[in-house]
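Enquirer: Sequence:
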Amino acid sequence: MDFINTLGSRWRFSSMLMRIIYINIAVFLVLMVMNFVCSLLNSPVAGLVLSWIELPSDTSTFATRPWTLITYMFAQADIFHILFNMLWFYWFGTIFMLVGDSRRLTALYIYGGIGGGLLFMLAYNFLPLFSGVNGWLIGSSASVIAIVAATAILHPDYKIGLLFIGQISLKWIAVVTIAIDLMSVTGANGGGHVSHIGGALVGLAYAMSLKRGVDITRPFNKAVDSVVNLISRLKPVPREKRSYNAYRRSGPTARPDTSGQKSSAHTQPKSGQSMADEAELDAILEKIKKNGYAGLTQDEKKRLFDISKQIK
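For the sequence shown, our numbering assigns the number 1 to the initial residue and increments by one for each residue that follows.
Note that these hints are calculated values from the structure, not bench results.
A virtual CB, placed ideally from N, CA and C, is assigned to each residue, including glycine.
One thing to keep in mind: the hints can contain errors.
Derived DEER-like restraints, expressed as beta-carbon distance ranges [as the list claims (entries may be wrong)]:
1. S209 <-> V175: 14 to 22 Å
2. C38 <-> L129: 32 to 40 Å
3. I168 <-> R212: 52 to 60 Å
4. T94 <-> L29: 20 to 28 Å
5. L87 <-> D282: 46 to 54 Å
6. F126 <-> D282: 29 to 37 Å
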């Protein structure tokens, strides 16, 4: 029970970046255990379940399971697949969140997966290279590449350290990654690399639109807000809360103020430290607006990351 409570607490207080990683890990573990058990029993159930999660290239098959355009991006093929994808997602997602937010990150993850999945299906149905071949797509690579591409365009000169290579700018990591995908389209995993390109194009579209002041993730987030609000309205109100609300409605709407002071809401004023942090964050963001992210000093970059985590 303590283990379950710990997991629940960790989930509640985690960012959306970590929640997406947890979902991918949980789905991977469930599929791995199912595959192990079915192998021992010589049962085909694991393969059948997987076929309802993977994205098929065949349009007639996809018509019977359209949800696979979403489910495929939360499942992984093997341990190295999930390890590589989740590490990249964590590294680039953390940088993305420096001046972004969790809502945009989540929407871009979904957009990237959908873009990669659609390009995968188009390639298998219209490119002569894949003529007469049916493929299946699984993995979050397209979604992760969308985050990588967007982050590299928004912060091209941000440097990270790579083993045996040293410090390298994000723009070159993105260029090399996409170049490898382009050269690998004709290989054994051609469909997978096509989906990566689709994800990269979505990341490019997001970053270029954002630079022009247009947030293409806004429609997705508005739709999510509408669904959440609808569920909240349909959710039954607990009896105790209904009784309290009924009392409030039946009681007097106002009472005279005998203290001689205006009534006010019971809100906790911001501390001086919190206001100072927000003022410092505004100053750093204004500098980014004028000179770009590359114009920040290393101390300012670190301070931006620290303050944005506290505020969010």
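Enquirer: Which numbered hints does this structure break?
Expert: 3, 5, 6
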